[in-house]
Amino acid sequence: MNSKIFTFVVILSMIASANALAQERKLEGEISVTGVAPKIEGQKAKFNEYRDIRDGVYAGVDLRYDAEKYYLDFKAEDVGYKTQKYGLEGGKWGSFKYRFDYNEIPHNFTYGAKSFYTGIGGANLTYPTQPPSTNISTWTTFDYSVERTNYGGGIKLDMLKPFYFDVSFNKDQRKGIYPFGAAGTTPGGLAVELPAPIDFVTDNLKLEAGYAKNPFSFSLGYFYSEFRNNNGSLNFRDPATVNTAATTDSLTLPPNNSYYKLEFKGAVKLPLNSKFNANLATSSAQSSGNLFDSYVADVTAATSNIGVQGRTGVILSGRVFNGKVDTQNYDFLLTSSPLYFLDGKIFYKYYNTSNRSDQITTTDSSALPATFTNDLFDYRKEKYGAELGFKLPASFYLTTAYTRVQTHRTVREDIPNNDDDIYGIDLRWSGLDFMVAKVGYQRLQRRGDFEWPTVTDPTDVNNIEQFVRRFDVAPRDRDTYKAAVDFFPLENLNFSLGYKYKDTNYKDTILGLRSDKRSEFTIDGDYLIAKRVRLFAYFDYEYVKLDQFERQLPSPTTSYNPALPPTSTAFNWTVNQTETNYGYGLGADIYIIPQKLTLKLQHNSFKSDGFADYTYLRNFAAADGSRTQDNIDINNWGSYETRYYLAKVIYGVTKSLSLSAGYAYEKYIYDDAQYNGYSYLPTSATGATLGYLTGAYNAPSYEAHVVFLGVAFRF
Amino acid sequence: MRKFLTFLSFFPIFIFLWGAFPSARVEGSDGVVGVEICKGCHEGHYNSYLKSTHAKKAIPNSPASKDGCETCHGPGAAHVEKSGERGVGIFIFSKKIADATAKSSKCLSCHGDTRDLSSWDLAKHKSVGVSCDNCHTVHSGARKNLKAAQPDLCNICHRSIRAQENKQSHHPIREGKIKCTDCHDHHGGFGQHMVKADSMNELCYSCHAEKRGPYMWQHPPVEENCLNCHTPHGSNISKLLTMRMPQLCQSCHDSTRHPGTIYSRFETFQGATPSNKMFARACLNCHSTIHGSNAPSARGRTHVR
Numbered sequence: 012m013n014s015k016i017f018t019f020v021v022i023l024s025m026i027a028s029a030n031a032l033a034q035e036r037k038l039e040g041e042i043s044v045t046g047v048a049p050k051i052e053g054q055k056a057k058f059n060e061y062r063d064i065r066d067g068v069y070a071g072v073d074l075r076y077d078a079e080k081y082y083l084d085f086k087a088e089d090v091g092y093k094t095q096k097y098g099l100e101g102g103k104w105g106s107f108k109y110r111f112d113y114n115e116i117p118h119n120f121t122y123g124a125k126s127f128y129t130g131i132g133g134a135n136l137t138y139p140t141q142p143p144s145t146n147i148s149t150w151t152t153f154d155y156s157v158e159r160t161n162y163g164g165g166i167k168l169d170m171l172k173p174f175y176f177d178v179s180f181n182k183d184q185r186k187g188i189y190p191f192g193a194a195g196t197t198p199g200g201l202a203v204e205l206p207a208p209i210d211f212v213t214d215n216l217k218l219e220a221g222y223a224k225n226p227f228s229f230s231l232g233y234f235y236s237e238f239r240n241n242n243g244s245l246n247f248r249d250p251a252t253v254n255t256a257a258t259t260d261s262l263t264l265p266p267n268n269s270y271y272k273l274e275f276k277g278a279v280k281l282p283l284n285s286k287f288n289a290n291l292a293t294s295s296a297q298s299s300g301n302l303f304d305s306y307v308a309d310v311t312a313a314t315s316n317i318g319v320q321g322r323t324g325v326i327l328s329g330r331v332f333n334g335k336v337d338t339q340n341y342d343f344l345l346t347s348s349p350l351y352f353l354d355g356k357i358f359y360k361y362y363n364t365s366n367r368s369d370q371i372t373t374t375d376s377s378a379l380p381a382t383f384t385n386d387l388f389d390y391r392k393e394k395y396g397a398e399l400g401f402k403l404p405a406s407f408y409l410t411t412a413y414t415r416v417q418t419h420r421t422v423r424e425d426i427p428n429n430d431d432d433i434y435g436i437d438l439r440w441s442g443l444d445f446m447v448a449k450v451g452y453q454r455l456q457r458r459g460d461f462e463w464p465t466v467t468d469p470t471d472v473n474n475i476e477q478f479v480r481r482f483d484v485a486p487r488d489r490d491t492y493k494a495a496v497d498f499f500p501l502e503n504l505n506f507s508l509g510y511k512y513k514d515t516n517y518k519d520t521i522l523g524l525r526s527d528k529r530s531e532f533t534i535d536g537d538y539l540i541a542k543r544v545r546l547f548a549y550f551d552y553e554y555v556k557l558d559q560f561e562r563q564l565p566s567p568t569t570s571y572n573p574a575l576p577p578t579s580t581a582f583n584w585t586v587n588q589t590e591t592n593y594g595y596g597l598g599a600d601i602y603i604i605p606q607k608l609t610l611k612l613q614h615n616s617f618k619s620d621g622f623a624d625y626t627y628l629r630n631f632a633a634a635d636g637s638r639t640q641d642n643i644d645i646n647n648w649g650s651y652e653t654r655y656y657l658a659k660v661i662y663g664v665t666k667s668l669s670l671s672a673g674y675a676y677e678k679y680i681y682d683d684a685q686y687n688g689y690s691y692l693p694t695s696a697t698g699a700t701l702g703y704l705t706g707a708y709n710a711p712s713y714e715a716h717v718v719f720l721g722v723a724f725r726f
Numbered sequence: 030m031r032k033f034l035t036f037l038s039f040f041p042i043f044i045f046l047w048g049a050f051p052s053a054r055v056e057g058s059d060g061v062v063g064v065e066i067c068k069g070c071h072e073g074h075y076n077s078y079l080k081s082t083h084a085k086k087a088i089p090n091s092p093a094s095k096d097g098c099e100t101c102h103g104p105g106a107a108h109v110e111k112s113g114e115r116g117v118g119i120f121i122f123s124k125k126i127a128d129a130t131a132k133s134s135k136c137l138s139c140h141g142d143t144r145d146l147s148s149w150d151l152a153k154h155k156s157v158g159v160s161c162d163n164c165h166t167v168h169s170g171a172r173k174n175l176k177a178a179q180p181d182l183c184n185i186c187h188r189s190i191r192a193q194e195n196k197q198s199h200h201p202i203r204e205g206k207i208k209c210t211d212c213h214d215h216h217g218g219f220g221q222h223m224v225k226a227d228s229m230n231e232l233c234y235s236c237h238a239e240k241r242g243p244y245m246w247q248h249p250p251v252e253e254n255c256l257n258c259h260t261p262h263g264s265n266i267s268k269l270l271t272m273r274m275p276q277l278c279q280s281c282h283d284s285t286r287h288p289g290t291i292y293s294r295f296e297t298f299q300g301a302t303p304s305n306k307m308f309a310r311a312c313l314n315c316h317s318t319i320h321g322s323n324a325p326s327a328r329g330r331t332h333v334r
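Protein chains in written order, with my numbering: chain E, 12 to 726; chain W, 30 to 334.
The shape of chain E in the complex, shown without the other chains (with noise of 0.2 Å):
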């Protein structure tokens, strides 16, 4: 199917070029050559992860025709393998540009993972006999892997300007293996890990129709795009129930949608050097599902039973669901410059989504409560503000801008509306020929109407909801200060610090995140040195801390209020996460026969010590087993370590041709206490099968040793 879309790409581009050919026309490219022989150890698809390195030959192929009216370039990269690439892009200067693409792209995730199931990469798994075998070195070995082909192509129509017209597709098409999980009974049972099929497809189709010639430009745009999901859902057999029946439980995949796009953006230019902008859009979201292919029953349903509304334990008020979001954004802003010393900026916007989806009511025997109707959630966000710059001087530029935010919600029971004030200072100064700095400040208010359900049985397990703020919509202040300075004392000397602290304070917060700061500090510096040696360094510097305050319960309990006494089962606890980042570069381009044999160096290098700090608000208790508030912290909390070297040599054997070797070195230490110890099958402390797991995102250190030698030839 790929050479056969660029086979008709070439031809089609060629003919639309063939006037250039009567002119005089300049062919100029590259044609590149590497083979690459890698030795990975460990973990290849983390290695992998975006990229497909192997022992092979790589192509690029980068051209670039010019005529005087017309212009056509072609990119070819990795030709044959998993990152292939290829981008024509050709068109008449002024009048007409046509673009092709195609893109792949693999995730790797976890390659040799392990599965009693059959029917892996399908949307029916199984096995044999029940229980499953609990043999490993009998399961199946797979890859966890989704690739992406995203192909398409546009045109764009200048002739009839100022009037512009532009139409494009896409299709993006993803095949592979993802974990998903779920639970074999609930509530609390074991956890299943599932290798769920990956096989969707996604049409995108844009047209846009404008104007661009001062005063005005406006343009109208549509966009539509259909996502199809061809496993609507995965059926397995469930190691946790006891049944014989081949296929015993089912779980939901994403369901087909569509989706559309309406859009009309235009501006106009008025006086005092001002420009009126506006942005109306209306689109909508859908999807349709019949809730019953879906669902096959806990434990005695037989294969009859499937699809019958009204069997055991369930009761819907309906089989289809049918989902429907309709969006409105209006954008309205007025930049102006009225005086030499004076920017301003003001903006409104409006976006509000509107969930018209149906409503199921479901009775459900072994639900709490039995009978429930899914919720539908929508928001309102209105913004405005205003951005004031002045020219100041002495060389300094200074900047205020307010910005207020009303978010409204609708079935979020617990904090429906925010209120978030905005405040913004930057000054910058540029007195001095060889230097430019900057510092700001933002300060960020949000205010909540915080509410809570009326209950009246104190065993009622929403008490605890008045002590809750989640951090998404929780009241906070948040403040905000960043420092940078660029120095360019020398024409071929660059240097650069910068500096950010942001501090949030979830300040009503009882029961949640409560405290979230981080600073960072960034160098940077790049120096050419009598045009033979080029030497650039970065050092990278992050620190994040986040305090969170929770509540331990029984069930059922009265025990909700967190200023209560602790017992050994109704107690606060407290974790404090930090993550300690260090990221440095060092390189250096060494002209050794300047344009003619070249030598590059570079080291990078990332660590991260991640720390999670548990502290039990209550005495040990013999039931604790050797707890202390020390052991239970964790110092491996997704720590990681990467380093990089390359050493490479290009040599200019004449002006065309180019050849190159060098030697590449990658690692990566994983330590993360979630991992550590993996196990297939893991058991709690009295023997009882905690899950099925099948190894995604186990062990992903690697160490790598990459040889490679290209030759390239210009022309």
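Hints were generated in silico from the structure; no laboratory data involved. All values reported here derive from a predicted model rather than from experimental measurement. We put the beta carbon where it would ideally sit given N, CA and C, even for glycine. Check before you lean on any hint, since a few could be wrong.
Per the computed footprint, the stretches of chain W lying under chain E, defined by three or more beta-carbons under 8 Å from a beta-carbon of chain E, are [unchecked claim]: (1) 65 to 78; (2) 189 to 201; (3) 259 to 267; (4) 287 to 296.
If you want the footprint, here are the derived chain E segments under chain W, 3+ residues with CB under 8 Å [to be verified]: (5) 178 to 192; (6) 281 to 292; (7) 501 to 512; (8) 684 to 693.
Got chain E; can you put chain W on it based on the hints?
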């Protein structure tokens, strides 16, 4: 809708304003000396200009079809009269002399009428003093005249983004499979953080269409903003998460039984009391449909099916 109709009522004013203001001032040709004079002293610059699309006479409105070098640098007569002293009597794009607005306005006098730059006034880049020549070189043969390829070009200024791209969980930006401009409108737009969408979710769904739903069982923070749980440029935590599980989920879900239970080192694989709420993928070991579910029954509502 009422607000939309209110806005529509302003359209007659739009129509009235149509053509009410003249086009941008066109530079006169007074004092133009011609490219041959420029070439006499600046042959290197002239030759690099010849390689660029600016030098194509066939392109309507190109510098070559107008006053050549002086289309951008201004008439050169005064510069020549003053013995060609650097920056005297002529406009040059050196960052040490010209300010960003002046430099960009030179480019916009031709490119301002194009659809790509019609929103430049909205760009954060403009308000923080970025000018066209920060990213583009005017004299070059490269398409779009970019000074470097993405993401290196963007990372020159956005250094904290570079640090995030280097983290273990990241979009394939440094692998060259996704470009900054796939998501951001570097020349300005209406979106927050210059994204090419009216909301963050709209942007994310443009690639992750499977998350679009709409689902029967929604997860409100997911519907409102993907960035409540994910960070786009890079994270130490798999899936570009902002916080590790189970802490991420427990930040909101504190209740009886496992949502409020403390899971520490003791609940890991190597701990004394392993728990499937803590080891491996933690909450996701069971709750895999957190982006939405169409499963009937309470199991869909709790996102375990």
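Evaluation of the provided hints:
no., hint, in the structure
1, 65 to 78, "violated (count 0)"
2, 189 to 201, "holds (count 7)"
3, 259 to 267, "holds (count 3)"
4, 287 to 296, "holds (count 7)"
5, 178 to 192, "holds (count 4)"
6, 281 to 292, "holds (count 8)"
7, 501 to 512, "holds (count 3)"
8, 684 to 693, "holds (count 8)"
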